[in-house]
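Residue numbers (the UniProt record's numbering), protein chains in the order written: chain A, 1 to 165; chain B, 1 to 165.
None of these hints come from the bench; they were simulated from the model.
Please note that a few of the clues may not be correct.
The list makes no distinction among identical chains, and a pair is therefore deemed to hold if it is satisfied within one copy or across any two copies.
Below, a list of computed lysine to aspartate or glutamate pairs in the DMTMM-like style, where the Cα atoms sit at most 20 angstroms apart [said to hold, decoys possible]:
hint, residue 1, residue 2
1, K54, E103
2, K17, E35
3, K54, D77
4, K54, D71
5, K54, D129
What follows is each chain in one-letter form.
Number of protein chains: 2
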Amino acid sequence: MGVEIERKFLVRGDAWKTLATGVLLRQGYLSSHPERVVRVRIEGGAARLTIKGKSSGASRGEWEYPIPLADAQVFLDTLCERPIIEKYRYRIPCGGLTWEVDEFLGENAGLIVAEIELASEDQAFERPDWVDEEVTHDARYFNSSLLRHPYARWPTGGAGAYLDE
Amino acid sequence: MGVEIERKFLVRGDAWKTLATGVLLRQGYLSSHPERVVRVRIEGGAARLTIKGKSSGASRGEWEYPIPLADAQVFLDTLCERPIIEKYRYRIPCGGLTWEVDEFLGENAGLIVAEIELASEDQAFERPDWVDEEVTHDARYFNSSLLRHPYARWPTGGAGAYLDE
Numbered sequence: 001m002g003v004e005i006e007r008k009f010l011v012r013g014d015a016w017k018t019l020a021t022g023v024l025l026r027q028g029y030l031s032s033h034p035e036r037v038v039r040v041r042i043e044g045g046a047a048r049l050t051i052k053g054k055s056s057g058a059s060r061g062e063w064e065y066p067i068p069l070a071d072a073q074v075f076l077d078t079l080c081e082r083p084i085i086e087k088y089r090y091r092i093p094c095g096g097l098t099w100e101v102d103e104f105l106g107e108n109a110g111l112i113v114a115e116i117e118l119a120s121e122d123q124a125f126e127r128p129d130w131v132d133e134e135v136t137h138d139a140r141y142f143n144s145s146l147l148r149h150p151y152a153r154w155p156t157g158g159a160g161a162y163l164d165e
Numbered sequence: 001m002g003v004e005i006e007r008k009f010l011v012r013g014d015a016w017k018t019l020a021t022g023v024l025l026r027q028g029y030l031s032s033h034p035e036r037v038v039r040v041r042i043e044g045g046a047a048r049l050t051i052k053g054k055s056s057g058a059s060r061g062e063w064e065y066p067i068p069l070a071d072a073q074v075f076l077d078t079l080c081e082r083p084i085i086e087k088y089r090y091r092i093p094c095g096g097l098t099w100e101v102d103e104f105l106g107e108n109a110g111l112i113v114a115e116i117e118l119a120s121e122d123q124a125f126e127r128p129d130w131v132d133e134e135v136t137h138d139a140r141y142f143n144s145s146l147l148r149h150p151y152a153r154w155p156t157g158g159a160g161a162y163l164d165e
């Protein structure tokens, strides 16, 4: 078990795209309940199951277990909540840390977010030009929310008049 | 992954109790959704995570992964749906197969069921005297149902006038 401290930002322009190569990532949820998320993810031929507890500020209990690729494929294709999420993930080293930029596909196409994992909630970090507004606490951008309310269906296609149900 | 074929029965009398020693089993659900059950179980110092797909007759896709005991304790104590299930499990060899008899505690106290795992849905098996009525397809006896509708709260304390909501 670890405690995950992540901050999430929108992205401007496409300068970041020249800094890394995207890897296709498929993920889905056996549970998207915010107090007990169970996520299945395939990335670069490896699969894992991740369990996440309730968020508290930017911190969240997180536990990961590797699972056989074939199992993950069955889970994503037949068991997980619909739709599953597909995105390209770019890992961009910066100031001793790594930005993870996610370029979403399918019903979330058009959405690009950058995340950085920190050791503490107030840790300082370098913020490149292409990193825009912070959305860490904006529930619309939680992966579990993007299942129910994909980006393509947001009223303004962005941070506008959208209200959760 | 395996396909689980189990038949479930009520139990009469207590002759079965002299045939084995019960082991305390604690289990809870990260998801009790019938199409994607995620179960956490601790039994005899070992913990595992089990994923089950949708039932089809008495068959059901089932995948199991061992996990650290400490993780399972956190899941059961803080993450799983309430209440968790606690029961004594007795394993009773019989005619080359094994009956698993579950004696429930807590809100399901009074309920005792016997299960047998088979290689095919029509496999013959020996049926001891203490094995009573079959309840394989009776959803009230699914472990996931016993969370929401514990046995102690059934109208007749048994197979009577109870109707699911």
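Hint-by-hint comparison with the structure:
1. K54 - E103: neither (25 angstroms within a copy, 32 angstroms between copies)
2. K17 - E35: Close neither inside one copy (34 angstroms) nor across copies (39 angstroms); limit 20 angstroms.
3. K54 - D77: between (27 angstroms within a copy, 13 angstroms between copies)
4. K54 - D71: Classified as between: cross-chain Cα gap 15 angstroms, same-chain 26 angstroms, threshold 20 angstroms.
5. K54 - D129: Neither way: K54 and D129 sit 32 angstroms apart in one copy and 48 angstroms across, limit 20 angstroms.
This entry does not satisfy hints 1, 2, 5, going by the numbered hints stated previously.
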